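Just so you know, the sequences run in chain order A and B. The numbering of the first sequence is our numbering, which starts it at 522 and goes up by one. The numbering of the second sequence is our numbering, which starts it at 522 and goes up by one.
Calculated from the structure, these hints are not laboratory results. You may find that some hints are simply not true.
[Stated by the list, open to error] Below are the EDC-like pairs computed for lysine to aspartate or glutamate, each with C-alpha atoms no more than 16 Å apart in a straight line:
| no. | chain 1 | residue 1 | chain 2 | residue 2 |
| --- | --- | --- | --- | --- |
| 1 | B | K592 | B | D725 |
| 2 | A | K626 | A | D665 |
| 3 | A | K645 | B | D757 |
| 4 | B | K845 | B | E824 |
| 5 | B | K645 | A | D757 |
[Said to hold, decoys possible] Far from chain B by the CB rule (all over 10 Å, computed), these chain A residues:
| no. | residue |
| --- | --- |
| 6 | R542 |
| 7 | K556 |
| 8 | A588 |
| 9 | S783 |
| 10 | S894 |
[Unchecked claim] Part of the chain B face toward chain A, derived, beta carbon under 10 Å:
| no. | residue |
| --- | --- |
| 11 | A634 |
| 12 | Y681 |
| 13 | T714 |
Note that the structure is a prediction, hence the values are computed from the model and not measured. Every residue gets a Cβ at the ideal spot worked out from N, C-alpha and C, and that includes glycine.
Number of protein chains: 2
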Amino acid sequence: MAGERLDPWGTVEIKDYDRLRRVFGIKPFSEVIPKMRELGLPLSLHMRRNIIFGHRDFDKVILEGIAKGEKIAILTGFMPSGKFHFGHKLTVDQLIYFQRELGAKVFVALADAEAYAVRRLPRKEIVRLGIEEYVANMIALGLDPDKTDFYFQTNRGAPYYRLIQLFSGRVTMAEMEAIYGDVTPSKIVAALTQAADILHPQLDEYGGYKRIVVPVGADQDPHLRLTRDLADRLHDLAGLERPASTYHKLIRGLDGAKMSSSRPDYTIFLTDPPDKAIWKLKRALTGGRATAEEQRRLGGVPEACTVYDLYLYHLIPEDNDLVKIYRDCRSGTMLCGECKSIGAERLREFLERHQARLEEAREIAKSIVEPPSF
Amino acid sequence: MAGERLDPWGTVEIKDYDRLRRVFGIKPFSEVIPKMRELGLPLSLHMRRNIIFGHRDFDKVILEGIAKGEKIAILTGFMPSGKFHFGHKLTVDQLIYFQRELGAKVFVALADAEAYAVRRLPRKEIVRLGIEEYVANMIALGLDPDKTDFYFQTNRGAPYYRLIQLFSGRVTMAEMEAIYGDVTPSKIVAALTQAADILHPQLDEYGGYKRIVVPVGADQDPHLRLTRDLADRLHDLAGLERPASTYHKLIRGLDGAKMSSSRPDYTIFLTDPPDKAIWKLKRALTGGRATAEEQRRLGGVPEACTVYDLYLYHLIPEDNDLVKIYRDCRSGTMLCGECKSIGAERLREFLERHQARLEEAREIAKSIVEPPSF
Numbered sequence: 522m523a524g525e526r527l528d529p530w531g532t533v534e535i536k537d538y539d540r541l542r543r544v545f546g547i548k549p550f551s552e553v554i555p556k557m558r559e560l561g562l563p564l565s566l567h568m569r570r571n572i573i574f575g576h577r578d579f580d581k582v583i584l585e586g587i588a589k590g591e592k593i594a595i596l597t598g599f600m601p602s603g604k605f606h607f608g609h610k611l612t613v614d615q616l617i618y619f620q621r622e623l624g625a626k627v628f629v630a631l632a633d634a635e636a637y638a639v640r641r642l643p644r645k646e647i648v649r650l651g652i653e654e655y656v657a658n659m660i661a662l663g664l665d666p667d668k669t670d671f672y673f674q675t676n677r678g679a680p681y682y683r684l685i686q687l688f689s690g691r692v693t694m695a696e697m698e699a700i701y702g703d704v705t706p707s708k709i710v711a712a713l714t715q716a717a718d719i720l721h722p723q724l725d726e727y728g729g730y731k732r733i734v735v736p737v738g739a740d741q742d743p744h745l746r747l748t749r750d751l752a753d754r755l756h757d758l759a760g761l762e763r764p765a766s767t768y769h770k771l772i773r774g775l776d777g778a779k780m781s782s783s784r785p786d787y788t789i790f791l792t793d794p795p796d797k798a799i800w801k802l803k804r805a806l807t808g809g810r811a812t813a814e815e816q817r818r819l820g821g822v823p824e825a826c827t828v829y830d831l832y833l834y835h836l837i838p839e840d841n842d843l844v845k846i847y848r849d850c851r852s853g854t855m856l857c858g859e860c861k862s863i864g865a866e867r868l869r870e871f872l873e874r875h876q877a878r879l880e881e882a883r884e885i886a887k888s889i890v891e892p893p894s895f
Numbered sequence: 522m523a524g525e526r527l528d529p530w531g532t533v534e535i536k537d538y539d540r541l542r543r544v545f546g547i548k549p550f551s552e553v554i555p556k557m558r559e560l561g562l563p564l565s566l567h568m569r570r571n572i573i574f575g576h577r578d579f580d581k582v583i584l585e586g587i588a589k590g591e592k593i594a595i596l597t598g599f600m601p602s603g604k605f606h607f608g609h610k611l612t613v614d615q616l617i618y619f620q621r622e623l624g625a626k627v628f629v630a631l632a633d634a635e636a637y638a639v640r641r642l643p644r645k646e647i648v649r650l651g652i653e654e655y656v657a658n659m660i661a662l663g664l665d666p667d668k669t670d671f672y673f674q675t676n677r678g679a680p681y682y683r684l685i686q687l688f689s690g691r692v693t694m695a696e697m698e699a700i701y702g703d704v705t706p707s708k709i710v711a712a713l714t715q716a717a718d719i720l721h722p723q724l725d726e727y728g729g730y731k732r733i734v735v736p737v738g739a740d741q742d743p744h745l746r747l748t749r750d751l752a753d754r755l756h757d758l759a760g761l762e763r764p765a766s767t768y769h770k771l772i773r774g775l776d777g778a779k780m781s782s783s784r785p786d787y788t789i790f791l792t793d794p795p796d797k798a799i800w801k802l803k804r805a806l807t808g809g810r811a812t813a814e815e816q817r818r819l820g821g822v823p824e825a826c827t828v829y830d831l832y833l834y835h836l837i838p839e840d841n842d843l844v845k846i847y848r849d850c851r852s853g854t855m856l857c858g859e860c861k862s863i864g865a866e867r868l869r870e871f872l873e874r875h876q877a878r879l880e881e882a883r884e885i886a887k888s889i890v891e892p893p894s895f
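Generate coordinates for the entire structure from the input sequences, incorporating the hints supplied.
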């Protein structure tokens with residue numbers, strides 16, 4: 522194995538992400554890490570582990586803002602149409618880091634109209650999921666409800682909608698089609714609404730100008746490019762500035778394909794009973810070899826292992842512990858069965874602790890988020 | 522001239538309007554006039570004179586509502602991008618009639634985002650025009666500011682925008698293209714916004730359920746059909762019901778073509794100095810013959826005359842006076858010069874009286890309409 526690059530923070534797809542970065546002009550996040558150290562800012566788990574692999578203007582917008590003592594905000598959105606899983610947690614962990622470590626104001630949009638258009642769920646169910654599933658899990662994870670502005674997209678103030686309406690006059694169908702391929706009225710409205718989500722915290726009506734960062738999966742960059750263009754086009758009128766963005770790798774489902782609410786056997790939900798979650802984990806695709814003998818001889822491939830993904834992104838926050846697992850796997854010292862037992866224990870511990878907080882978090886969620894009247 | 526149909530309320534284009542009605546299934550307004558008489562309701566000038574030539578569901582929605590003592594509302598919208606002219610007055614007169622004679626609540630939308638997208642005027646100028654030109658002229662014409670809800674489309678409450686967002690998930694691109702041909706993001710948003718304008722007064726947040734009528738030019742029917750479909754599709758969710766609509770003939774410009782702010786020589790604005798307005802009127806296209814001798818022999822053609830249009834729609838509210846002018850023109854007794862002198866006098870009288878009210882109306886407009894903050 523001499524000469525082979527060993528990187529406990531890497532995954533097999535890193536080359537694809539590098540290509541993605543170069544094609545779209547996203548800069549490597551590693552570039553800004555020295556500046557963060559200069560400013561005395563702690564790195565988040567996802568920054569340290571190269572899960573956040575790219576950025577646009579993170580230095581110019583966010584680090585410069587912090588250096589100058591200006592207000593910063595982080596914003597994300599969720600479509601409340603399924604259950605909250607470890608893919609969602611990846612984003613929420615970033616919100617919590619920005620809130621606790623960098624003093625950022627947090628905005629969370631609940632895309633209830635999009636859920637209504639796309640998933641065709643009853644509105645009452647969408648609203649219930651938004652509050653009791655999404656917001657409650659975020660609070661239980663540690664997002665401070667007093668410092669977070671959770672809102673349904675259909676229940677925001679007029680200046681927010683004014684952005685949507687004015688944006689509509691400054692974008693062409695060709696630009697929309699470049700992002701969406703075949704467009705529909707709901708895709709157009711959803712895209713303009715997302716741009717308003719990202720940019721409206723800069724308006725006086727929402728606390729006044731602040732520098733904004735949006736943490737997204739690599740596949741979301743087209744939205745960011747549209748939003749940057751719209752900020753430029755409404756700069757003079759509404760004082761909008763381009764947001765920064767960071768790009769994270771996507772955590773895979775337990776079969777190695779997409780993690781999604783619609784694939785519940787391969788996706789661990791934060792409300793799964795621990796036994797059920799562990800049952801899913803025990804069946805997960807690993808980087809193991811065909812036989813135990815072969816694995817002892819050649820070692821496993823953590824980069825190909827979906828359980829290792831869970832460790833890297835979520836379950837093993839201590840870097841030393843993770844490095845040990847990585848090495849023991851690569852060296853063939855630890856086989857998948859033993860490793861999964863460690864995972865099962867960590868998962869049970871995490872879920873029990875999280876779920877113990879969930880009931881209170883639900884009550885808080887219900888008391889702070891205003892549901893749309895229909 | 523024996524056998525020829527003589528109709529002081531007719532115009533040359535009536536045949537086109539009849540065809541329009543038949544193609545789209547709009548019913549003749551004359552059908553509902555006996556029911557209005559039964560209910561003891563006075564007819565408006567434009568109803569009496571067949572300017573309102575068609576309707577959809579006016580009997581089922583509005584007359585039935587009045588008979589049952591239920592709340593009714595009338596709604597219209599203006600794009601504040603030019604000066605207020607006699608074409609606009611045609612709609613406002615209908616609002617005033619509904620407000621005074623039928624006790625309807627009046628809603629007036631100011632389409633400021635559309636003006637921004639289409640006319641590319643500075644936002645401040647759009648807002649100024651909306652308040653000081655459109656709303657002020659409407660109040661000076663007699664619309665009761667205490668009983669009228671004037672609003673900018675970019676400055677309305679969340680439930681109104683919620684309709685726009687939910688509508689976007691229940692309409693296809695094909696439907697949009699059937700209305701607009703080539704669509705753009707701003708046309709899509711504007712169309713959904715118009716539907717929200719028409720339907721939002723039914724929501725609890727805007728005073729609770731009421732029956733709604735929309736007075737439009739014949740060319741606006743596609744919007745109404747879309748709005749009716751959207752009402753059906755959100756009936757169960759938001760309690761929306763189809764609106765009624767009435768259809769009026771369009772008053773022509775002074776050259777016989779379209780009346781429009783962008784054609785100021787052929788359009789009389791309600792803020793034109795009387796001398797300037799009279800100068801326009803004196804140059805207007807009439808139904809006169811090539812020579813005075815010929816006109817005395819054959820008579821004029823009021824149906825072809827744009828000055829007669831002004832009398833019919835606006836300047837001569839007394840039916841007897843209008844019938845006399847019609848007959849004197851048809852018989853060749855009165856030639857165009859004499860007739861235009863009558864018109865000039867009426868126009869001066871109207872504009873002087875209107876403009877005397879305008880300054881106070883502007884102050885009222887500024888005090889009641891909330892301008893968008895950007």
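Okay, the hints, checked on the actual structure:
| no. | hint | result |
| --- | --- | --- |
| 1 | B:K592 to B:D725 | 13 Å, holds |
| 2 | A:K626 to A:D665 | 10 Å, holds |
| 3 | A:K645 to B:D757 | 13 Å, holds |
| 4 | B:K845 to B:E824 | 14 Å, holds |
| 5 | B:K645 to A:D757 | 12 Å, holds |
| 6 | R542 | 29 Å, holds |
| 7 | K556 | 34 Å, holds |
| 8 | A588 | 29 Å, holds |
| 9 | S783 | 19 Å, holds |
| 10 | S894 | 6 Å, violated |
| 11 | A634 | 4 Å, holds |
| 12 | Y681 | 8 Å, holds |
| 13 | T714 | 7 Å, holds |
Of the numbered hints listed earlier, the single one contradicted by the structure is hint 10.
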